[in-house]
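J.: Spelled out, the chains give:
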Amino acid sequence: MPDSPGIPKELAALTYSCPYNNIEALSEIINEIGDDLAAIIVEPIAGNMGFIPGEPTFLDALRECCNQCNALLIFDEVMSGFRVGLGGAQAIYQIQPDLTALGKVIGGGIMISKLCQKLLMRLAMILPQLLSSL
Amino acid sequence: MSEIINEIGDDLAAIIVEPIAGNMGFIPGEPTFLNALRECCNQCNALLIFDEVMSGFRVGLGGAQAIYQIQPDLTALGKVIGGGLPVGAFGGKQSVMDQLAPLGPIYQAGTLSGNPLAMSAGIALIENLIQDNPFDRLEKASSEIMLHTKKLMNEKGIPFSTASVGGMFGFFFSEHLPQNFEDVVKGDDQMFKKFFYAALNRGIYFAPSKYEAGFISSTHDQSILNQTKSKIEDAIKEL
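Heads up: the protein sequence lines correspond to chains A and B, in order.
The numbering used here puts the first residue of the first sequence at 438, with every later residue one more than the last.
The numbering used here puts the first residue of the second sequence at 198, with every later residue one more than the last.
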């Protein structure tokens, strides 16, 4: 939520906050923003408000909105990456985001973060083959 | 700067600056300029922020602010403070830091905040720096290398200027030491490239751009310095 002091109002006004797993609220916001939508960022499996896996229909709707508005779908998989499965939440839901944010597990205990484009799906496809060929 | 301050006036929120710049080659700030920044912030009730990510624990144990005796409201640190591990840090006056959660309303937290491994490495390094106090040695080493280089360049008639503070140094292929980015741009790119590769081919790895600073490590002892000087001499012959 862009509500901490120190974030200028002008910048906060560029961001909309949508209730999680609420397709109706999403539709209202998208109707308001229209083609000005630049990106949607979401934890597909939320770990920052307790633990709430996204509804498949909600996440599909996000992908659909981004396709229609030519906007980027960004999955924050900092927590879910390499925890819910080798391919992260995106492999489970079979939804391909345009960008993926990773951290935590990907560093093997060392401080790291990573921004990937369509990497997890590829890893998910390649790694099992690699591992089984060892 | 006066022009900008006149335009912004009391709307000025903060000034952020590298007091010893390492991101446009190496340019130590003019004391009068840095004092003027402090004065402007005082008058506008704005924050003076020193970016000491490079200079912190390199130019001296107290950073550039100890050298210039100017107290910023906030300081950004990184690199050396992590003792080789990736870390960033900031700190400052209590009145500012008290604004951060959990004491104040500004949310600031993260997975890697206060990471135990990085903190341990950083503390170990700083304890070592306090005990060993290598800064006079570093200052001597960086100026020894740079003055040697300048002497040889001048003998060849190549315009060359250099500066160093503690373990940080920089050099420019221009007659007068640059005072700002606009001056740095004017430096001889072709000559920089030639010298960079001539040195690299002899195992001396300077930063690969005239917009970066150089660092000497406390592990560079006199025999390494002598070796470096003789290889620089060879490299200059090739120019």
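In case anyone wonders, no lab produced these hints; they're calculated from the structure.
Quantities reported herein were computed from a predicted structural model and do not represent experimental measurements.
Mixed in with the good hints, there may be bad ones.
Stated by the list, open to error - Not close to chain B: a few residues of chain A, all C-beta gaps over 10 Å, as computed:
hint	residue
1	S441
2	A450
3	N468
4	G487
5	F488
6	C502
7	L509
8	R520
9	I547
10	M548
11	I549
What the hints assert, rightly or not - Pulled from the structure, derived: some chain A residues nowhere near chain B, Cβ distances all over 12 Å:
hint	residue
12	D440
13	S464
14	P490
15	V515
16	Q533
17	L552
As the list claims (entries may be wrong) - On the chain B side, residues computed to face chain A include the following (Cβ under 7 Å):
hint	residue
18	P283
19	F287
20	Q291
21	I303
22	T308
23	L309
24	P313
Yeah, the Cβ is synthetic: ideal placement off N, Cα and C, and Gly gets one too.
J.: Now, for every hint given, state plainly whether the structure supports it.
T.: Right, here's what the structure says about each hint:
S441 (chain A), annotated as away from the interface, has a beta carbon of chain B within 10 Å; the closest lies near 4 Å. Its beta-carbon lying about 18 Å from the closest one in chain B, A450 (chain A) satisfies the requirement of being farther than 10 Å from that chain. N468 (chain A), annotated as away from the interface, keeps every beta carbon of chain B farther than 10 Å; the closest lies near 30 Å. Against chain B, the non-interface label of G487 (chain A) holds: every CB pair exceeds 10 Å, the least being about 17 Å.
Non-interface call for F488 (chain A) relative to chain B: holds, since the shortest CB-CB distance, roughly 16 Å, exceeds 10 Å. C502 (chain A), annotated as away from the interface, keeps every beta carbon of chain B farther than 10 Å; the closest lies near 28 Å. The Cβ of L509 (chain A) sits about 23 Å from the closest Cβ of chain B, beyond the 10 Å cut-off, so the non-interface label holds. At roughly 13 Å, the least C-beta separation between R520 (chain A) and chain B is larger than 10 Å, which holds for a residue marked as non-interface.
At the 10 Å boundary, the C-beta of I547 (chain A) falls inside the reach of chain B, the nearest C-beta of that chain being 7 Å off. With a least beta-carbon separation of about 5 Å from chain B, M548 (chain A) fails to lie farther than 10 Å from that chain, contradicting its non-interface assignment. Under the 10 Å C-beta cut-off, the non-interface status given to I549 (chain A) relative to chain B is violated; the minimum distance is some 8 Å. Here D440 (chain A) does not stay apart from chain B, with its beta-carbon only about 9 Å from theirs, under the 12 Å limit.
Listed as a non-interface residue, S464 (chain A) keeps its Cβ farther than 12 Å from every Cβ of chain B; the least gap is roughly 30 Å. With a least beta-carbon separation of about 20 Å from chain B, P490 (chain A) lies farther than 12 Å from that chain, consistent with its non-interface assignment. The claim that V515 (chain A) is not at the interface with chain B is violated, since a C-beta of that chain comes within 12 Å of its own (minimum 7 Å). The Cβ of Q533 (chain A) lies farther than 12 Å from every Cβ of chain B, with a closest approach of about 25 Å, so its non-interface assignment holds.
Consistency note on L552 (chain A): stated as away from chain B, and its beta-carbon is indeed over 12 Å from all of that chain's, at 15 Å minimum. The criterion of a C-beta within 7 Å of any C-beta in chain A is met by P283 (chain B), whose closest approach is roughly 5 Å, and the hint holds. Using the Cβ-Cβ criterion of 7 Å, the hint placing F287 (chain B) at the interface with chain A is not satisfied: the shortest such distance is roughly 13 Å. Here the hint on Q291 (chain B) is broken, as its CB sits about 17 Å from the closest CB of chain A, past 7 Å.
This hint holds: I303 (chain B) has a C-beta 5 Å from the nearest C-beta of chain A, less than the 7 Å allowed. Look at T308 (chain B): its Cβ gets to within about 6 Å of chain A, closer than 7 Å, so that hint holds up. Of the supplied interface hints, the one on L309 (chain B) holds, with its beta-carbon coming within about 5 Å of a beta-carbon of chain A, less than 7 Å. With its C-beta approaching chain A no nearer than about 10 Å, P313 (chain B) sits outside the 7 Å limit, and its interface hint is violated.
Hints 1, 9, 10, 11, 12, 15, 19, 20 and 24, counting from the list given before, are not met by this structure.
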